[in-house]
Each structure stands twice: as structure tokens, then as C-alpha cells.
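This is what each chain is made of:
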Amino acid sequence: MCGIVGLLVKNQSMRANIGQLMMPMLIGMTERGPDSAGMAVFTSPVDANALKYSLYAPTADFSWKALEQAFNSEHSDQVTLAVKGNHAILTSAVDSTKVKNWIKQAYPQIHILSVGQSIDVYKDTGLPADVAARYDLPALSGTHLVGHTRMATESAITPAHAHPFTAGTDWCLVHNGSLSNPNSLRRKLQHEGINFETDNDTEAACRFLEWRMREGDDLKTALEHGFDELDGFYTLLMGTKDQLALVRDPFACKPAVVAEHDDYVAIASEFRSLAHLPDVKNAHVFEPSPKEMYVWKV
Amino acid sequence: MESLKFDLENTELRTVNQYLHRPAAELSGKSVVISNPNGAHNIAVGLNAEVNVTIDGHAGYYAAGMNQLATVTVTGSASTGVAENMMSGVVHVKGFASNAAGATAQGGLLIIDGDAGLRCGISLKGADIVVGGSVGSFSAFMAQAGNLVVLGDAGEALGDSLYEARLFVRGNVKSLGADCEEKEMDQESRNILVDLLAKSGHSEVDPDSFKLFGSARTLYNFHVDNAGAY
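Protein sequence lines, in the order shown, are assigned to chains A and B.
Numbering follows this note's numbering, with no gaps: position 3 of the first sequence is 3.
Numbering follows this note's numbering, with no gaps: position 94 of the second sequence is 94.
Fair warning: there could be bad hints in the mix.
[What the hints assert, rightly or not] With a straight-line cut-off of 30 angstroms between C-alpha atoms, the simulated DSS-like cross-links for lysine-lysine are: (1) A:K241 / A:K84; (2) B:K199 / A:K281; (3) A:K188 / A:K10; (4) B:K174 / A:K220; (5) B:K199 / A:K291; (6) B:K94 / A:K281; (7) B:K174 / A:K291; (8) A:K65 / A:K100; (9) B:K94 / A:K10; (10) B:K94 / A:K291; (11) B:K211 / A:K281.
Treat the hints as calculated values from the structure; they're not laboratory data.
All values reported here derive from a predicted model rather than from experimental measurement.
Construct all of the structure, not just a fragment, from the sequences and the given hints.
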């Protein structure tokens with residue numbers, strides 16, 4: 001199974017509360033995905049020359065202060081980490097490759113969950129309610145978000161295997177379903193010099209689509225290539241700096257429901273996750289068609 | 001008529017379903033309204049009494065599944081498998097219905113005012129389904145008996161591996177499945193169509209605007225030559 005939620009807030013005054021609006025959506029998908037949960041939220045972008053990195057430490061007692069000091073003495077930048085337990089967001093104008101390589105060498109146990117100007121990613125194992133409490137997800141603010149609850153079918157239950165998956169910058173993807181050709185996709189992408197962090201099928205789809213866009217495809221063309229290359233069952237929900245995009249496989253094996261309201265667009269695997277949105281009675285509720293692309297802009 | 005209200009915001013679904021499973025004599029003629037369904041699964045499944053149930057909102061998976069005798073109305077949309085394996089009675093979805101609506105239903109009438117998703121009436125075994133909008137791909141796959149009426153369009157592979165069900169479509173059919181072909185509208189079929197349009201609130205719709213599809217009977221088990229194999 002697995003559950004998907006997405007929310008794009010059109011009403012500016014509601015953006016500060018996006019985390020609270022989202023919470024019943026995520027909790028509503030608990031039965032579909034009790035193993036792990038994750039959330040990517042897109043906030044107003046950091047300075048044009050900077051990037052932010054969502055970092056995950058495998059232990060709760062990790063010293064972010066030490067990492068912060070080490071980073072600052074190693075680089076010309078003076079950064080302050082925004083820490084929530086074993087999660088921290090590092091914002092820096094230092095060259096991205098340098099930052100990633102430094103983390104990899106100095107702190108190999110730290111996992112970089114996302115890189116971008118707008119994206120923050122939180123993901124971990126456990127019930128959605130527990131993961132949300134661990135990272136204070138109700139306090140999130142932002143323009144749009146992409147969330148997931150996981151019931152693992154094809155690879156291990158670890159924080160790294162939880163969704164959302166990210167690649168490149170300001171790009172994330174969550175998946176309900178299973179792919180039958182992730183290994184051939186992975187081999188193909190490895191020939192393009194693309195590295196993988198897990199053996200998860202969704203990571204293959206995530207890196208494939210991000211690669212297509214880096215090769216010059218717009219989102220729509222990348223997804224068309226996706227229909228040709230991705231074999232299996234899927235509802236995919238993707239987030240970019242200013243867009244949410246949704247597709248279902250040609251056989252609509254996996255569910256999705258959308259509620260479009262003047263104030264927001266909400267997407268979920270089932271209506272249960274939309275039921276508690278404000279004034280949802282007056283939203284246009286519909287089921288997206290298979291093999292069609294739905295894109296909503298901020 | 002006695003009327004009862006349940007609010008799923010503060011009542012366990014199991015309590016509601018247990019009430020609806022009381023002996024038929026107790027329930028007969030009663031009217032039950034279930035508010036705030038909020039996409040819960042298995043609402044009003046397995047009913048076996050002449051009771052009127054209104055699900056006021058959006059229903060989750062398998063709403064009114066295995067229905068017998070009851071009349072169940074969903075004022076919003078219904079998710080996967082609404083009225084699956086219905087035996088008799090009426091299920092009316094005023095919004096859209098997701099995949100596999102009316103799957104394997106053996107009797108009764110399923111009315112969907114909006115669109116139905118993929119595999120509507122899959123393995124239909126005798127029930128009648130009227131869809132006010134369009135149906136998705138693989139609808140009436142292996143349908144064995146009964147009638148499917150579609151006022152809008154049909155997706156790909158309509159009636160694939162069809163047995164003896166009748167499929168009436170007013171709009172376009174994207175493609176026909178294996179062994180499904182257009183048939184001439186005979187008087188008996190036309191009468192069935194007129195009756196179903198009237199029962200489903202579409203009596204103003206011209207029955208001559210529909211095409212009839214049925215089985216070409218060319219698959220293995222329709223060949224008399226194969227009878228000797230048994």
C-alpha cells in the first residue's frame with residue numbers, strides 16, 4: 001500500500017499554518033502506511049546564492065553544535081543550523097559540491113535528505129503521528145508540501161527508504177505502488193554517472209525524472225518519458241520549487257483523489273485524508289484520470 | 001417512517017453497521033442517515049433488509065457491498081468497489097464512483113450520476129448498472145449477465161472477454177475488448193434500456209441515441225467443437 005498527501009495553499013494567509021492543515025491528511029493515511037512517514041515542505045526561498053540542506057543523524061544525541069563549529073572553521077561561511085532533534089537544516093552559500101563532499105568525509109553517518117532553495121525534508125521510520133511529533137511537523141509553514149506514509153513491500157524499512165525521495169535541487173517525489181523495472185532503470189542511470197543511495201524502486205523513478213529535467217525536459221516531457229520507461233503500478237506526486245505534479249499509471253492501479261478549493265489544492269490517496277480540510281464541502285472533488293498529468297502552480 | 005441518524009464523527013462505524021445488521025423485520029421500512037462518512041471504508045456493507053440508508057458525503061472503499069434488499073444512497077462520491085457483489089436492492093451514488101463499481105454484482109440496480117472509474121461492472125453477474133457520466137477502461141471485463149448503461153463515453157477495451165451481458169453506450173467507445181462487438185438493438189434490449197433509463201432518472205434521454213454491444217461468442221468456451229473436451 002502506502003499513502004500519499006499533497007497540499008498547495010493558494011490563500012496567502014493560510015500558508016503559515018500549512019503544517020496544521022496537513023496533519024489530519026497525514027494521520028488519515030496511517031492505515032495505508034504505518035511503517036514510516038515523510039514530508040517535504042517548500043518554503044520561501046533562501047538568498048539567491050545560498051542553498052539549504054536537510055540533514056538526518058541516525059542517533060538522537062548527535063552533536064549538531066560540533067558539526068556547526070567544524071563547518072564554520074572549515075569554510076569561509078558562518079552558518080547556524082536549525083535543529084529539531086536528530087534533524088537539522090544547514091543554510092550556506094558555500095559551493096554545493098564542496099558542502100556535500102565535506103559532509104560525506106567529515107560526517108559519513110549524516111544523511112543529506114534534500115538540497116535546494118525552498119525544500120526541507122523530514123522522514124523517518126514509525127507511525128505517521130510519531131514521526132510528525134518527532135519533527136514538529138504541525139509547526140511547518142510554506143506554500144506547498146508533499147507527504148507520504150509507507151507500507152514497505154519491496155525494500156527495507158529504514159529512514160533512507162522512507163519517502164519523499166529527492167534528487168538535484170528543489171525536487172522531490174513520493175510513490176504509491178511498485179515498479180517492476182527499477183534495477184534496469186538504475187543500471188541505465190548509473191551509466192549516466194548518477195549515484196544511488198538505496199535499493200528502493202521509488203528512488204529510481206525519482207532520479208530518472210530529475211535526470212530527464214536536467215537533460216532539458218520540462219516537467220511534462222519528463223513525465224511523458226516516465227510513462228515510456230517506468231513499468232509497474234504507480235501514483236506519483238512530485239514537488240518542485242513552485243509546482244505540485246501528479247500522475248497515475250495507465251491502469252490506475254493505485255488511487256488518488258483531488259480537492260480543488262479557492263484556498264488550496266489538496267491531493268491524497270483517499271478522501272479520508274481530505275475530509276478535515278476547511279470548507280472541503282465546497283471544494284471540487286475529483287478522481288484524476290490514469291496516464292494524465294496534473295500540474296498545479298503556486 | 002421511522003428515521004435514525006448516525007454521525008460517524010462521534011460514532012464507531014462498527015456500531016452503525018451492527019445496527020444495520022439487525023433482523024430484517026426490525027429494520028424493514030426504516031430510514032437511516034449516516035453523516036460525516038469522511039471516506040470511511042465498508043459503510044453499510046452486507047445489508048439484508050428493506051431499509052433506506054443515506055450516506056451523506058463521500059464514502060470510502062466497498063460502500064454498500066454485498067447489498068441485499070436495501071436502498072443505499074451516497075450523496076457524495078464512492079471509492080473503490082461500491083456495491084460490489086450486490087444481490088438485490090438499489091445503490092445510488094450521486095457523485096462519481098472510483099474503480100470496480102458494481103464488480104461481480106448479481107442483482108439489483110446501481111445508479112452512478114457522475115463518472116465511474118476503471119473496471120466498472122467487472123465480472124458483472126446479473127445486476128443492472130446505469131452511469132450518468134463516462135466509464136473508464138476495462139469496464140464490463142468478463143461480464144457474464146446483466147446490463148451496463150453508460151450515458152457518456154467508455155474507455156479502452158470495453159467488454160473484454162464478454163459473456164452474455166448487454167452494454168449500452170451513448171457516447172464514444174475508445175476501443176472494444178476481445179470478443180466484444182456492436183449488436184443490432186433488438187426490441188427486447190431496447191425495452192430493457194428504456195426501463196433502466198426510467199428507473200435511474202434519465203427518462204428524458206433518447207434510447208435510440210445508444211449503441212448496444214455484446215459478445216461475439218468466438219472465444220474458446222463458446223465453440224461447440226470444444227464440447228468434447230469435457
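Report task. Below or equal to 30 angstroms on CA atoms is what counts here, so check A:K65 against A:K100. Result -> holds (18 angstroms)
Requested in this report: Mind checking the alpha carbons of B:K199 and A:K281 for me, to see if they're no more than 30 angstroms apart?
Outcome: Between B:K199 and A:K281 the Cα gap is close to 28 angstroms, so the pair holds against 30 angstroms.
Requested in this report: With a cut-off of 30 angstroms on the C-alpha distance, tell me whether A:K188 and A:K10 pass.
Outcome: violated (39 angstroms)
**Report entry** Hinted pair B:K211 and A:K281, Cα distance within 30 angstroms
**Finding:** Answer violated: B:K211 to A:K281 is near 37 angstroms, above 30 angstroms.
Query - Satisfaction of hint between A:K10 and B:K94, Cα-Cα up to 30 angstroms - result: Holds - the C-alpha atoms of A:K10 and B:K94 are around 29 angstroms apart, at most 30 angstroms.
Requested in this report: Mind checking the alpha carbons of B:K94 and A:K291 for me, to see if they're no more than 30 angstroms apart?
Outcome: holds (26 angstroms)
Query raised in the report: Given the proposed pairing of B:K94 with A:K281, does the C-alpha separation stay at or below 30 angstroms?
Result: Measuring from Cα to Cα gives roughly 14 angstroms; hence the hint holds.
Report task. Take a quick look at whether B:K174 and A:K291 sit within 30 angstroms of each other, Cα to Cα. Result -> holds (15 angstroms)
Query raised in the report: CA of A:K241 to CA of A:K84, is that 30 angstroms or under?
Result: Answer holds: A:K241 to A:K84 is near 23 angstroms, not above 30 angstroms.
Query - Agreement of B:K199 and A:K291 with the hint, judged by alpha carbon distance not exceeding 30 angstroms - result: Answer violated: B:K199 to A:K291 is near 34 angstroms, above 30 angstroms.
Report task. Could you grab the alpha-carbon distance between B:K174 and A:K220 and see if it respects the 30 angstroms cut-off? Result -> Answer holds: B:K174 to A:K220 is near 24 angstroms, not above 30 angstroms.
Taken one by one, the earlier hints fail for this structure at numbers 3, 5 and 11, listed in ascending order.
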